Amino acid sequence: MNYILKSIPSRTAKPRSSGFTMAMDKGLSLREVEDFVETCGDFIDIVKLGWATSYVTKNLKEKIEIYRSAGIPVYFGGTLFEAFVIRDQFEDYLQLLDRYQLSFAEVSDGSITLEHDKKCNYIEVLSKEVTVLSEVGSKDAAKIIPPYKWIEQMQKELNAGAWKVIGEAREGGTVGLFRDSGEVRQGLVEEILTQIPEEKIIWEAPQKEQQVWFIKLLGTNVNLGNIAPNDFIPLETLRLGLRGDTFDYFLNQF
Amino acid sequence: MNYILKSIPSRTAKPRSSGFTMAMDKGLSLREVEDFVETCGDFIDIVKLGWATSYVTKNLKEKIEIYRSAGIPVYFGGTLFEAFVIRDQFEDYLQLLDRYQLSFAEVSDGSITLEHDKKCNYIEVLSKEVTVLSEVGSKDAAKIIPPYKWIEQMQKELNAGAWKVIGEAREGGTVGLFRDSGEVRQGLVEEILTQIPEEKIIWEAPQKEQQVWFIKLLGTNVNLGNIAPNDFIPLETLRLGLRGDTFDYFLNQF
Amino acid sequence: MNYILKSIPSRTAKPRSSGFTMAMDKGLSLREVEDFVETCGDFIDIVKLGWATSYVTKNLKEKIEIYRSAGIPVYFGGTLFEAFVIRDQFEDYLQLLDRYQLSFAEVSDGSITLEHDKKCNYIEVLSKEVTVLSEVGSKDAAKIIPPYKWIEQMQKELNAGAWKVIGEAREGGTVGLFRDSGEVRQGLVEEILTQIPEEKIIWEAPQKEQQVWFIKLLGTNVNLGNIAPNDFIPLETLRLGLRGDTFDYFLNQF
Numbered sequence: 002m003n004y005i006l007k008s009i010p011s012r013t014a015k016p017r018s019s020g021f022t023m024a025m026d027k028g029l030s031l032r033e034v035e036d037f038v039e040t041c042g043d044f045i046d047i048v049k050l051g052w053a054t055s056y057v058t059k060n061l062k063e064k065i066e067i068y069r070s071a072g073i074p075v076y077f078g079g080t081l082f083e084a085f086v087i088r089d090q091f092e093d094y095l096q097l098l099d100r101y102q103l104s105f106a107e108v109s110d111g112s113i114t115l116e117h118d119k120k121c122n123y124i125e126v127l128s129k130e131v132t133v134l135s136e137v138g139s140k141d142a143a144k145i146i147p148p149y150k151w152i153e154q155m156q157k158e159l160n161a162g163a164w165k166v167i168g169e170a171r172e173g174g175t176v177g178l179f180r181d182s183g184e185v186r187q188g189l190v191e192e193i194l195t196q197i198p199e200e201k202i203i204w205e206a207p208q209k210e211q212q213v214w215f216i217k218l219l220g221t222n223v224n225l226g227n228i229a230p231n232d233f234i235p236l237e238t239l240r241l242g243l244r245g246d247t248f249d250y251f252l253n254q255f
Numbered sequence: 002m003n004y005i006l007k008s009i010p011s012r013t014a015k016p017r018s019s020g021f022t023m024a025m026d027k028g029l030s031l032r033e034v035e036d037f038v039e040t041c042g043d044f045i046d047i048v049k050l051g052w053a054t055s056y057v058t059k060n061l062k063e064k065i066e067i068y069r070s071a072g073i074p075v076y077f078g079g080t081l082f083e084a085f086v087i088r089d090q091f092e093d094y095l096q097l098l099d100r101y102q103l104s105f106a107e108v109s110d111g112s113i114t115l116e117h118d119k120k121c122n123y124i125e126v127l128s129k130e131v132t133v134l135s136e137v138g139s140k141d142a143a144k145i146i147p148p149y150k151w152i153e154q155m156q157k158e159l160n161a162g163a164w165k166v167i168g169e170a171r172e173g174g175t176v177g178l179f180r181d182s183g184e185v186r187q188g189l190v191e192e193i194l195t196q197i198p199e200e201k202i203i204w205e206a207p208q209k210e211q212q213v214w215f216i217k218l219l220g221t222n223v224n225l226g227n228i229a230p231n232d233f234i235p236l237e238t239l240r241l242g243l244r245g246d247t248f249d250y251f252l253n254q255f
Numbered sequence: 002m003n004y005i006l007k008s009i010p011s012r013t014a015k016p017r018s019s020g021f022t023m024a025m026d027k028g029l030s031l032r033e034v035e036d037f038v039e040t041c042g043d044f045i046d047i048v049k050l051g052w053a054t055s056y057v058t059k060n061l062k063e064k065i066e067i068y069r070s071a072g073i074p075v076y077f078g079g080t081l082f083e084a085f086v087i088r089d090q091f092e093d094y095l096q097l098l099d100r101y102q103l104s105f106a107e108v109s110d111g112s113i114t115l116e117h118d119k120k121c122n123y124i125e126v127l128s129k130e131v132t133v134l135s136e137v138g139s140k141d142a143a144k145i146i147p148p149y150k151w152i153e154q155m156q157k158e159l160n161a162g163a164w165k166v167i168g169e170a171r172e173g174g175t176v177g178l179f180r181d182s183g184e185v186r187q188g189l190v191e192e193i194l195t196q197i198p199e200e201k202i203i204w205e206a207p208q209k210e211q212q213v214w215f216i217k218l219l220g221t222n223v224n225l226g227n228i229a230p231n232d233f234i235p236l237e238t239l240r241l242g243l244r245g246d247t248f249d250y251f252l253n254q255f
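Residue numbers (my numbering), protein chains in the order written: chain A, 2 to 255; chain B, 2 to 255; chain C, 2 to 255.
Think of the hints as simulated: they come from the structure by calculation, not from any bench.
These figures come from a predicted structure and were not determined experimentally.
Do not rely on the hints blindly, as some may be mistaken.
Simulated coverage check for chain A against chain B, where a stretch passes if three residues somewhere in it have a Cβ under 8 Å from a Cβ of chain B [said to hold, decoys possible]:
no., segment
1, 42-54
2, 90-97
3, 115-127
Listed below are several chain C residues computed to face chain B (Cβ distance under 10 Å; list not exhaustive) [said to hold, decoys possible]:
no., residue
4, K7
5, S8
6, I9
7, S11
8, K15
9, L31
10, E35
11, E39
12, D43
13, F85
14, N231
15, D232
16, F233
17, E237
18, T238
19, G242
Positions of the beta carbon are idealized from the N, C-alpha and C atoms, including for glycine.
With the rest of the complex left out, here is chain A:
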């Protein structure tokens, strides 16, 4: 930090298991990746190459390498896993992870229909090779999953070997955890937390209001995902109570 302010909430340091932030890279250039890492490196715990953007990304190897040499692991978005599975190309997917020497992978079923046992099977197989993040919740606004099902699925996926589960939102911040308006489904989140340990969940929260909401509910060291690179500095100030939105919230705690 550049100067000393009293009564600042205490953030975890890397490598973190809570207070974790996952970035969504949806097509940064190599130079932008360098800038992102230089400017926000301490706050980036992991980077997701959004959905299947890796398919059309120039210099994919170099990009992954820049992140890696800054100590930041990279993984492919869950939609890519689904794209391979639906095409019966799961073996090719395994080889792909190997080719790019990725140590993380995401298992999801946001765009495809996958029996839950089969999903857990994929988690089990993959978790022998890499660290698995598994995503719960549908990208389809019509498929509303009741809270007890979220919990059941999260538990089974953690048991199957997932390192953490991700609470799904669409990249724009609707569907899944959120209503169409972008508002958080508060009852859902609270019910999940009665059963699943907080540090096992990453909440997708691409919009500022959502980040504020989760910080106020779960504190400075909540795990957040799908954060845009340009929002990292702003998010860090939210976590520290140094932006209007969370200024009072943290001061009232001291």
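Let chain A serve as the given structure and place chains B and C on it in line with the hints.
Okay, now just chains B and C, sitting in the frame of chain A:
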């Protein structure tokens, strides 16, 4: 592409007459242009320097040159043409195209009132010097043009020498083809397509939902315009059915 | 300017006391700052490092130096002043300004409750060391300040030594001068202008529609603040009547 996935829709390659994407540059720095070209070069068919941004752009020559040396033609937004015309400076406009050795120009009447015969006249004159894109539709929400008029104007402008016609939207994605909500005027688009060949039209579609809509209506190789540089990688994945929004749509075709 | 167009409104040049534009930097990398300065330097009158982003900004000294060597002063957002004051660390704040050799500072009370006399006191003290910008209006949607109070506070703050007063909006463009919808509180603005000289006010107007509104009310050389770096080129074209939104407005004046 970085790896092989089966059943991916087949995209046209450059130089394309369909599956065409026009970028909107509204003030990129030279370094950002280099990055854009390096990262997305294969997908950028042409770049519009938005409205009259070229008036205040530093290093305009260098910017055009970076695009050109990557094989990407550049043209000035239609509002600049209108700014010259309304000031009785059309001759200066011709000299300007010459000074920057531009091979494309846009003729529009979104901000000025121009008799349609006169507009066609400009198209005729300009098309002797450069390749002309002409834009149909008003930027003024109050001026609603009925479908038969869109069609009539498009036909006349193509006859006058326009290479392609552009279906107008405001840069933010309202007005023209879109309702205030950003929603596409579906009946209008469908009626236009009964009369004008698809490959002769570029649809302005700056917002993701609009891009999805046009891709679902006209397929992977629809011509789209006013695409922000940061949206090029995401758009390419939409065209390929590799993002949630178009995932099912394309899979169902195989 | 890259070419000659007749009947373009006449913009002031640097150093400006009107026609002033304040940029909001909320986490640019050093390279992005270089680009911003190179591309838009003539239009950037001053840069605010948004709220307390300076706390977590890497290479803060270098960043300030790049701006400074381009002749652009930098200051810390008002929320940082408030964060020091609420912690009884005002002395540390003075030292901080000194350490970074800043010649501007902002005094505000958007997130804390501060008696107005005390606020004016801070302005008086600070204005002996640096040039003070003071901000009027609350970030809290519930605290609606009636027009006569805005005027009274602005007058007192100018009397206390503020160089200019800033009409507050949240960074996203709601609250303060704006309704929740982002719409400008027109009556408020007009009433303020009956009492406070226009050149003494900087209007925060992060959204395009707000910029258009102020330009149409106060002309090309209105002072605007909280402008995103990417919006500088577009804003300059709005000021010059070279974008659809203000095209007619200026033409009608010639």
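Results for each hint:
| no. | hint | in the structure |
| --- | --- | --- |
| 1 | 42-54 | holds (count 4) |
| 2 | 90-97 | holds (count 3) |
| 3 | 115-127 | violated (count 0) |
| 4 | K7 | 5 Å, holds |
| 5 | S8 | 6 Å, holds |
| 6 | I9 | 8 Å, holds |
| 7 | S11 | 14 Å, violated |
| 8 | K15 | 14 Å, violated |
| 9 | L31 | 12 Å, violated |
| 10 | E35 | 8 Å, holds |
| 11 | E39 | 6 Å, holds |
| 12 | D43 | 8 Å, holds |
| 13 | F85 | 34 Å, violated |
| 14 | N231 | 7 Å, holds |
| 15 | D232 | 8 Å, holds |
| 16 | F233 | 7 Å, holds |
| 17 | E237 | 5 Å, holds |
| 18 | T238 | 6 Å, holds |
| 19 | G242 | 8 Å, holds |
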